[in-house]
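Those protein sequences? They're chains A and B, same order as listed. If you're matching positions, the first sequence starts at 33 in this note's numbering and goes up one per residue. If you're matching positions, the second sequence starts at 24 in this note's numbering and goes up one per residue.
Just to be clear, a hint being listed does not mean it is correct.
Claimed, not checked - Below, a sample of chain A positions facing chain B; criterion: calculated Cβ distance under 7 Å:
#1 Ala-44
#2 Gly-48
#3 Arg-49
In short, the hints are calculated from the structure, not lab data. If you're wondering where the values come from, they're calculated on a predicted model, not measured in any experiment. We put the beta carbon where it would ideally sit given N, CA and C, even for glycine.
The residues making up each chain are set out below.
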Amino acid sequence: MSDPTFSAVAGAYERGRLAWAAPRALVAGLAALPSVLIGGSGWRSVLMALALIGIAAVSGWRSRGGLLGALAGAAVAAVPVVMSRLVGDGHACAGGICLSWCGVACAGGAAAVGVASGAAFSGLRHGRIDFVVAAIAATVVGTLACPVVGVGSVVGALAGVVVAAPPAVVAWGAWREAQRKALA
Amino acid sequence: MDPAARRDLHDAMLRLRDGDRDAARPVFHALWGPTLAVARAGLGDDADASDAAQQALMKLFAGAASFDPDRSALGWALALVTWEVRTLRTRRRRRGEDAAVDIDAVDSVDHVRANVDAATTLTRAEDVARVADAFVRLDARDQETLRAFLDGEAAGAPRERKRRQRAIDRLKALVLGPATPPLPGDDHV
Numbered sequence: 033m034s035d036p037t038f039s040a041v042a043g044a045y046e047r048g049r050l051a052w053a054a055p056r057a058l059v060a061g062l063a064a065l066p067s068v069l070i071g072g073s074g075w076r077s078v079l080m081a082l083a084l085i086g087i088a089a090v091s092g093w094r095s096r097g098g099l100l101g102a103l104a105g106a107a108v109a110a111v112p113v114v115m116s117r118l119v120g121d122g123h124a125c126a127g128g129i130c131l132s133w134c135g136v137a138c139a140g141g142a143a144a145v146g147v148a149s150g151a152a153f154s155g156l157r158h159g160r161i162d163f164v165v166a167a168i169a170a171t172v173v174g175t176l177a178c179p180v181v182g183v184g185s186v187v188g189a190l191a192g193v194v195v196a197a198p199p200a201v202v203a204w205g206a207w208r209e210a211q212r213k214a215l216a
Numbered sequence: 024m025d026p027a028a029r030r031d032l033h034d035a036m037l038r039l040r041d042g043d044r045d046a047a048r049p050v051f052h053a054l055w056g057p058t059l060a061v062a063r064a065g066l067g068d069d070a071d072a073s074d075a076a077q078q079a080l081m082k083l084f085a086g087a088a089s090f091d092p093d094r095s096a097l098g099w100a101l102a103l104v105t106w107e108v109r110t111l112r113t114r115r116r117r118r119g120e121d122a123a124v125d126i127d128a129v130d131s132v133d134h135v136r137a138n139v140d141a142a143t144t145l146t147r148a149e150d151v152a153r154v155a156d157a158f159v160r161l162d163a164r165d166q167e168t169l170r171a172f173l174d175g176e177a178a179g180a181p182r183e184r185k186r187r188q189r190a191i192d193r194l195k196a197l198v199l200g201p202a203t204p205p206l207p208g209d210d211h212v
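Make a model of the complete structure from these sequences and hints.
Next up, the structure:
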């Protein structure tokens with residue numbers, strides 16, 4: 033065994049990782065689709081889709097966790113656009129406090145993404161930092177593709193993730209540990 | 024490879040699948056020896072064996088991101104190197120370089136003996152490779168059952184013995200491939 037042999041093998045690994053990540057990264061680009069179809073912000077959404085694909089490809093090449101993070105971030109960013117269309121711009125007021133339906137719906141939709149993301153995160157044994165970095169980058173970039181959505185919806189979506197993800201991380205991790213012990 | 028080393032290899036392979044570059048060297052070190060040994064047994068020539076082993080590991084590492092956790096990394100590597108050995112030997116045969124088929128060059132008893140020895144070695148290597156190839160095609164449960172058998176664990180309960188026998192039967196069926204059609208005159212019972 034020689035070092036040139038290892039270098040050749042390591043090179044094959046890097047090429048293989050990129051080939052693995054590239055087609056999966058296209059899924060992240062789909063997150064910008066609602067803003068094109070619903071918001072009508074054509075060129076801007078296309079640019080953001082390309083940026084999301086780039087983030088997901090690089091993150092996925094780095095690690096599996098990075099790709100999952102990018103997909104989670106792209107999904108979170110798409111929630112406000114979809115929810116704004118589904119629930120409209122109505123609001124409800126009680127006791128002097130008004131809540132936008134869209135903000136509430138965004139928080140709920142993003143909470144579902146948060147639970148899935150938390151489960152994916154706790155299932156990772158490597159690349160957790162990649163997951164967080166890619167998720168934040170994809171959320172920020174993906175949100176820029178949604179000019180028709182108000183700040184309240186975006187804040188609602190982020191709040192949904194922040195509230196739902198940590199319990200999912202803990203619960204999923206505990207379930208996996210119990211499964212592991214049962215199998216041991 | 025002992026069970027502890029196999030577990031370490033599997034663990035390192037899972038890390039590599041997830042993108043942990045630090046796991047690349049442990050996986051490479053664990054697989055290089057067995058892979059090269061199979062290539063040497065099948066090809067003899069050191070340079071060709073090295074090439075075959077390197078090609079096999081390059082393919083394994085290129086596909087590491089899609090590694091199935093239910094499969095064995097060692098079995099995968101051996102299946103890949105078996106394929107490389109077959110490819111190289113087919114190429115050699117076409118060029119008339121394979122010692123095992125160099126019948127026209129027979130000019131002495133020693134030469135005949137050398138050719139027979141080479142053919143025996145190659146046949147054994149092919150047999151080992153066929154079994155390895157069949158083993159990785161078994162499902163994870165059968166693989167575990169056979170590993171326990173090879174590690175010398177006794178099958179206590181009748182159910183375990185039946186499971187072991189069924190795993191062996193399935194391995195045999197995979198090694199032997201689809202049943203060959205009976206020869207004329209073989210249809211009597």
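Okay, the hints, checked on the actual structure:
1. The beta carbon of A/Ala-44 comes within 4 Å of a beta carbon in chain B, closer than 7 Å, and the hint placing it at the interface holds.
2. Interface restraint check: A/Gly-48 against chain B, minimum CB-CB distance 3 Å, threshold 7 Å, status holds.
3. Proximity of A/Arg-49 to chain B holds as hinted, the smallest CB-CB distance being about 5 Å (cut-off 7 Å).
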